[in-house]
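Number of protein chains: 4
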Amino acid sequence: MIVVMEHGVHQEKLEKVVDFLKSRGFSLHISQGIERTIIGVLGDKTQKENLALEALDGVEKVVAIITPYKLASREFRNTDTVIKIGDVTIGGQELQVMAGPCAVESREQILETAEIIKKGGAKIMRGGAYKPRTSPYAFQGLEEKGLEYLAEAREKTGLLIVSEVMDTRSVEVVANYVDILQVGARNMQNFPLLKEVGKSSKPIVLKRGLSATIEEWIMAAEYILAAGNHQVILCERGIRTFETYTRNTLDLSVVPIIKHLTHLPIIVDPSHATGKWRLVNPMAKAAIAAGADGLIIEVHPDPKEALCDGPQSLMPEKYFQLMGELEQVANVMGRTLQGTLHFDKTGTEG
Amino acid sequence: MIVVMEHGVHQEKLEKVVDFLKSRGFSLHISQGIERTIIGVLGDKTQKENLALEALDGVEKVVAIITPYKLASREFRNTDTVIKIGDVTIGGQELQVMAGPCAVESREQILETAEIIKKGGAKIMRGGAYKPRTSPYAFQGLEEKGLEYLAEAREKTGLLIVSEVMDTRSVEVVANYVDILQVGARNMQNFPLLKEVGKSSKPIVLKRGLSATIEEWIMAAEYILAAGNHQVILCERGIRTFETYTRNTLDLSVVPIIKHLTHLPIIVDPSHATGKWRLVNPMAKAAIAAGADGLIIEVHPDPKEALCDGPQSLMPEKYFQLMGELEQVANVMGRTLQGTLHFDKTGTEG
Amino acid sequence: MIVVMEHGVHQEKLEKVVDFLKSRGFSLHISQGIERTIIGVLGDKTQKENLALEALDGVEKVVAIITPYKLASREFRNTDTVIKIGDVTIGGQELQVMAGPCAVESREQILETAEIIKKGGAKIMRGGAYKPRTSPYAFQGLEEKGLEYLAEAREKTGLLIVSEVMDTRSVEVVANYVDILQVGARNMQNFPLLKEVGKSSKPIVLKRGLSATIEEWIMAAEYILAAGNHQVILCERGIRTFETYTRNTLDLSVVPIIKHLTHLPIIVDPSHATGKWRLVNPMAKAAIAAGADGLIIEVHPDPKEALCDGPQSLMPEKYFQLMGELEQVANVMGRTLQGTLHFDKTGTEG
Amino acid sequence: MIVVMEHGVHQEKLEKVVDFLKSRGFSLHISQGIERTIIGVLGDKTQKENLALEALDGVEKVVAIITPYKLASREFRNTDTVIKIGDVTIGGQELQVMAGPCAVESREQILETAEIIKKGGAKIMRGGAYKPRTSPYAFQGLEEKGLEYLAEAREKTGLLIVSEVMDTRSVEVVANYVDILQVGARNMQNFPLLKEVGKSSKPIVLKRGLSATIEEWIMAAEYILAAGNHQVILCERGIRTFETYTRNTLDLSVVPIIKHLTHLPIIVDPSHATGKWRLVNPMAKAAIAAGADGLIIEVHPDPKEALCDGPQSLMPEKYFQLMGELEQVANVMGRTLQGTLHFDKTGTEG
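From first to last, the protein sequence lines are chains A, B, C and D.
Per this note's numbering, numbering of the first sequence is gapless, rising by one per residue and ending at 354.
Per this note's numbering, numbering of the second sequence is gapless, rising by one per residue and ending at 354.
Per this note's numbering, numbering of the third sequence is gapless, rising by one per residue and ending at 354.
Per this note's numbering, numbering of the fourth sequence is gapless, rising by one per residue and ending at 354.
Hints are computed from structural coordinates only; laboratory data are not their basis.
Predicted, not measured: the structure shown is a model, and the values here were computed from it.
The reader is advised that the hints may include incorrect statements.
Heads up, the list lumps identical chains together, so a pair's fine if it works in one copy or across two of them.
[Unchecked claim] Lysine-lysine pairs mimicking DSS-like chemistry, simulated, CA-CA at most 27 Å apart:
| id | residue 1 | residue 2 |
| --- | --- | --- |
| 1 | 149 | 203 |
| 2 | 20 | 322 |
| 3 | 199 | 149 |
| 4 | 308 | 65 |
| 5 | 308 | 26 |
| 6 | 122 | 17 |
| 7 | 88 | 206 |
| 8 | 206 | 149 |
| 9 | 160 | 122 |
| 10 | 160 | 263 |
| 11 | 206 | 160 |
| 12 | 199 | 20 |
| 13 | 322 | 308 |
| 14 | 206 | 17 |
| 15 | 74 | 322 |
| 16 | 20 | 160 |
| 17 | 74 | 17 |
| 18 | 88 | 65 |
| 19 | 263 | 65 |
| 20 | 206 | 20 |
| 21 | 308 | 20 |
| 22 | 160 | 199 |
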């Protein structure tokens, strides 16, 4: 930590700050330049958390030097975290696509979609049983009934299931049905929820908050890691900016940044990021070219009838086409999209 | 709802959209201009929620005409909501200041601060027992013990208590101790929590999310109202922008906007918005001049030792000074800050 | 400047950075902590501008310590800059309102508006002769003819004139007609223009760019100061955020911040910031309560016919009412709005 | 244009709005729903530009239906614009990379860099002779001398030259030396400059403003097109968001959006967008995968000595490596990066 004193600070004020820091057990390096006096503060970083040095007279600003996360950092663990669920790996050489509808709407819809997903080659199916909706009057999800349908789809197809959990009280029930728990963007800093999923044995997809900085996002992952669950998959899904043409602005630069700063896998959700199905294909390819470990793609057998997020859902044939194109980009990146071995030209007739 | 078709759309595509809308029971007004064909869609608005018309071929965009909130709107209720808790009113002619520390740190700190708050003239004390902290390694709050201290402070001073609730599982316990529940910025779209506090009989301070639009914020209030709790106080606490000098950017224009669109009271938290105690005084006065119904102000007897948010906390004498200045601005606005009757010149010796 | 090296950096890389810095003539303080090695760099700051230390292997980040502006800073000049034009002062005890239409539309419109402005008590009239319009097909301004009308209005009313200059080639002609030159938000980093107005003897209103940080804004002022013109008036006019209800988000916290960091006067333009006339009155009062030295207010005799910015323009009676209310807020702030002495109750009949 | 009236608007106010619109020669469609009365306004769109209907009593909002740009739109021209300069095409099947240093620093630096650029296979060299710098004390460019060096580099290598113009007064001199004029992000809404380059016969690279919406960006292109220059190349270079880890947030979704809305070529500048050389390679590949027509890449023989933007400049060997990788991504996209034919394995020894 670096404490920058105000220009021309009185010696007395400087000494008060120095005494305060020493009283807290820090070692100090004081450097008196012509323009500013600077105090370098050395010592245990967690202790520093509670210091409010800007509240002291004469302090201009405090600059943190060390990243506040530990378990998520490359410094803590230099090799990439690869999450294994049965035969499926996330964060390894094979890319994973999590495909499916925004919401579980009915048993038929889920079983039909599961066959489409499987045919296209993805190995993981997404579908929301508890839906975070902006309006209290909008469809809120089928809840446990929806989870049952997802579990049935898994039995029939062998697809893994990922689904969102929104409430600390539902973590257990959702974890009973699914293979991967998702914490949504609006809950990225729902700290009780992070602690609760941190106690789960299931891997967690942690979506980036709408206006979360990269550091805050990693700190949210740190909550889960610190609670004992080391299987965290970060998911970029667009951030909120001034641009209104897209629903959010997909920030693909986080892919190499997360790889640089942490050892965790990162996937990208171009459907929620853009809000427009036309943009899903190019952004999915761009995400893979940027180095992502996988994708979340919304697929719906009949988008115009979807109970949520229809405008950004791919029709089956667009999904099949995308999977074929993604495999080529994956190969250029030295990755595989093994699932596409199940894909053949008749797929477009689905 | 207005559906704008693409330029030069084929008649066939247009008919498909028209048929789809008719099949859903809407009345349509079709207007064929030179540049675009536009379809006006009339009918029950809640039904429209689930339409994904952008998913249909030939549709360029869909423009919503009606605001999605109902109970919160001026159209639903034209007179201002005034919340009464004993003798204290929020949203009426008297302004209310909710003052106190970021976190409950100890019994002594809370009792000492309560006396300061009361002396300055505020009638409501704030203090966090459950703290949403970016880092899992930071002080997380005293939890129920903290609530007990707050309740003790109320007994000794007669101040009302407002405190944050973060978890659906804690709503009941927090409501047992406090007079007003606060839903924090990071939980503004924690929908299970909104539903849960919507069942409470206590008034709710609903802070604006870091990147919540005004409409999303009102929709969050609508969740609480729709669940049966009509005592919602909106609180502007700064939004996230590109500017890094302040912690957030205080958006005071929402004060007259909320007054125009809704009947709910609105207060402003300049402490969290700016993150710097120097800015609290001018921004508090500006908030009142903009028409706010009250303020949340962080006050700490020794900010440098505060376990959280010290840099933005006012020392007691700064708080006393602010209360005096606020009363003058309040009077110019035709409002009172009645509490300041308890304030006299010896206050600055506190 | 502080150079933070990567965690566990090799001694060799550290030495390369040290050697490079020494070769450039800097004194260094090296501090080897457990987590990071940090290099404090002392020396002439302007020289540092061109160092690209992040390009060196092993460097994690570089933290600037000293503000990059000099002439604009409180350190350079501790007393407030007060600009005098005849009897009018900007930045002193008296607040100044610059009122008038977005654009000069005709001789009649300008002469009529000037009488209204004068009647309301403002001493400075605004009006654009060269208009920065988003569309090439929109009204672009009357150019020199518009300046002539403004000059005529000054002769008839004694009002001072402020008008925007957009092109280096027009600085001279605009300066010939007006008392204050305005550099618009879109030109805040038009560096050739800043240099050119820096050579003028006329005061400059420098609007904050749509997405300019406070530091960038002060640096833009520094360009003008460095070119020799010390009469710079900063003007907050809203920044671009995700919120779409208002045209921009008015950031009033910059008022006390600019006062803290610089010695320059700061005024606020609530009309452009909000884009809605209903919000102009409350935001104008809030700006004064926050400590602003003045305001820019759009006033138009017939807003619906205005060639630009009608929706945010005040009708004459709303302007008269605002001036009356502002005087009261000014008085609470220990300021005057002397012009309002010319204002009486018949004003509302204008 | 759709005019939405306030809820429960009085008939009298509605009639005033209707009369006003009719007096301006518009055809109207009035649709009286239960919740709102809506007026559809038909007629010549350019005329609508100056209406300030929100200034009328009873009007809630005005919704534009038609995009304000014309010449840039797909509706105006359905086939892609392909710009030809000698043998080089921009916007066609071949991708173009514009590589080189941020600033022209010396004759030696430019001639050396030109050889590197050519060796790597790019066909266009970038280099700034007039530099927009945040600080007036920073290196401002070599001006015409710099242009001479660039022209010399062209003669020696056959590379085309692109360089920025910042001032209406310099358009002619810059155009005399270079093949492509660049309008920088900070000048995207410098309308006099847009008009001036619109008169030039040279193609224009138009960078997106730091906080420009897609529509504003296209409108800036429209200024150039409307002035007669149809050779506009749009360049995404990152937008300003709350995230501070990167210099800007690269918004790759604009690539397919611009292709959808306009017929103009679009290229991407990952160097300025990210501000970090480590991120240039993945973001360059992602841009091509998203469908971009080319890239601007900063390359410097010795980044740590660069007079500007060193931290984001690639060393020669990183540039050679990138060109090889880009070719593979280009091929997957059905594009070529023909220049790389000049690239062989000895390139990495450069």
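Against the structure, the hints:
no.	hint	verdict
1	149 x 203	both (24 Å within a copy, 24 Å between copies)
2	20 x 322	between (66 Å within a copy, 20 Å between copies)
3	199 x 149	both (26 Å within a copy, 20 Å between copies)
4	308 x 65	between (53 Å within a copy, 14 Å between copies)
5	308 x 26	between (65 Å within a copy, 14 Å between copies)
6	122 x 17	neither (68 Å within a copy, 31 Å between copies)
7	88 x 206	within (11 Å within a copy, 47 Å between copies)
8	206 x 149	within (20 Å within a copy, 33 Å between copies)
9	160 x 122	within (10 Å within a copy, 57 Å between copies)
10	160 x 263	neither (35 Å within a copy, 41 Å between copies)
11	206 x 160	within (21 Å within a copy, 48 Å between copies)
12	199 x 20	neither (39 Å within a copy, 44 Å between copies)
13	322 x 308	within (15 Å within a copy, 47 Å between copies)
14	206 x 17	neither (52 Å within a copy, 42 Å between copies)
15	74 x 322	neither (41 Å within a copy, 31 Å between copies)
16	20 x 160	neither (70 Å within a copy, 35 Å between copies)
17	74 x 17	between (34 Å within a copy, 24 Å between copies)
18	88 x 65	neither (45 Å within a copy, 35 Å between copies)
19	263 x 65	between (30 Å within a copy, 17 Å between copies)
20	206 x 20	neither (50 Å within a copy, 45 Å between copies)
21	308 x 20	between (66 Å within a copy, 12 Å between copies)
22	160 x 199	neither (33 Å within a copy, 35 Å between copies)
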